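Let the hints inform the model, and build the full structure from the sequences given.
Residue numbers (my numbering), protein chains in the order written: chain A, 1 to 187; chain B, 1 to 206; chain C, 1 to 121.
Because the hints were derived from the structure by calculation, they are not lab data. Careful, some of the hints might be misleading.
Claimed, not checked - Residues on chain B that point at chain A, a partial pick, calculated with CB under 7 angstroms:
id : residue
1  : L15
2  : P17
3  : L62
4  : A180
For clarity, every value in this text was computed on a predicted model and none was experimentally measured. Glycine is no exception: its CB is placed at the ideal position from the N, C-alpha and C atoms.
Each chain, written out:
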Amino acid sequence: MSERFRSALEQADDQIVAGRAMDGDVDAFAVLVRRYTPMMRAYTQRMLNASSDVDDVVQEAFVTAWQRFGELADPAKVKSWLMRIVSRKAVDRIRAIRPLLDVDDIDSPAPLHATPSQVVEVRAGVAALGAALKELPDAQRECWVLREIGGYSYEEIAEELGIPATTARGLLARARRYMIVRMEEWR
Amino acid sequence: MTDDHEIPEPHRLSLDPTDLDGHTLEELMDYLESGRQPIDPSIEESPGCQLALDALERLQGLGDQLIEADAAAAPEVDASWVDRILDGIALDARAGRRIPFESPDAGIDLGITEGAVRGLIRSAENAVPGLLVGRCRLDGDVTQPGAPIRIEIDASALYGEPILHVADRLRSEVEARLRAHSDLHIDAIDIRITDIREVSSWTEQS
Amino acid sequence: MDGTELRSAESNAALAVEIEAIVQSTAGVRNVYRSGSLVSNVIGAGAVALGVRRSDEPLVAVARGDLGVSVEASIGIDFTADAGDTLRAVHEAIDALLAAKATPRERITLTVVYVQSREAS
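Rendered as structure tokens:
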């Protein structure tokens, strides 16, 4: 493939690139891999709060996407479609390790002073958000990521995590409370 | 080790119901989500609630920014990562339907895959400067000899190229290729230009 | 497998290798790819097909039934020759090979899975 062509395909919009990939063009699929790997890795990292499984999850997501391209009705929507697939794979990974959500995990309030004050730097905006997110208990963090980044409804979160929708709402409230208070401390 | 210092007063923000005039954070979340309709005076007139609502609103939308920031800070995706994924995919998963050719006798079954035909249609772009083909659809029962088939093609053109001219060129190229490599009965070739690319992506001459 | 089946499997494999060579050398053929399962395509009772495919097995699928040999191949072709012409040339070459061995032919299934564009050559 000529360099000129390669650069044209690399910059073409999602509708064209995903359209070709759906039709079987492996080079176009490679463009999608390069384009969306960073975002998919970031999402998975935030969900799992651990970096060891991230690459496996993202790889599985891409392989599944290739197999199930027939289900993508509109190639222009490939970004959100890929994010849904990787989200599902991340939750699968979580549930494989932790089949049932711990009741203690749901009920316990998040500690408000998780980090010794000597280590806290002044953090603004997303950096503060990222730091606070890491401090959340697993169930709260997962709910927050599914809702705020994945755009899942309470019912969808409930289905993914195997909990009632009311519990999902409660977890989300706890997560938001912690993050607001925490980020406020850092201002 | 726990930190047992008091949080300094000016920075104190608490979201207990006592600070929210009897409301819970969950109620405020629902209130926000319903677009603050219908107006609830007990919330609107509570300074504690307003502070909390402001904080909730600030938090909204930061999620996407966080992922963008994470992604931007990440190292470049390397070629070995891409190769590992490509090695894991089944290339024939996208072969599609089998399109038959006329056959000399009943025991001889000749065909071409829909995937091969789509690849052929994509290659027509090489004859039209600045054109990139996206998705192609073959509408109609391609497995039935003689069935009328409509081709739909999404394409991306270079900014400045006359669109109709480009589309016509592509159409005649596609027609020629399909005639040579299939027995398909083509009723129509519909081309949609769905993307216009800036000249800058083509200024590096090879 | 008993002795008879083993000999059949071996002779099928040997025939498949010969057919693959003929197909590959036909004008217009660029590549021979691994075919899908032949078992679903074989009609007629008593067909003895090859077992589970391994990567060292021939790319062309060969099975023997009551009415003769059935062959299945997937090919990549040149842009320059008509696909139809190339496919016909391939089946004629296979038929010629089988006729020379006085082997009856039940079915030949040939599928083009890739057309090499002029520019990609």
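Hints versus structure:
| no. | hint | in the structure |
| --- | --- | --- |
| 1 | L15 | holds (5 angstroms) |
| 2 | P17 | violated (11 angstroms) |
| 3 | L62 | holds (5 angstroms) |
| 4 | A180 | violated (19 angstroms) |
Consistency note: the structure conflicts with the earlier hints numbered 2 and 4.
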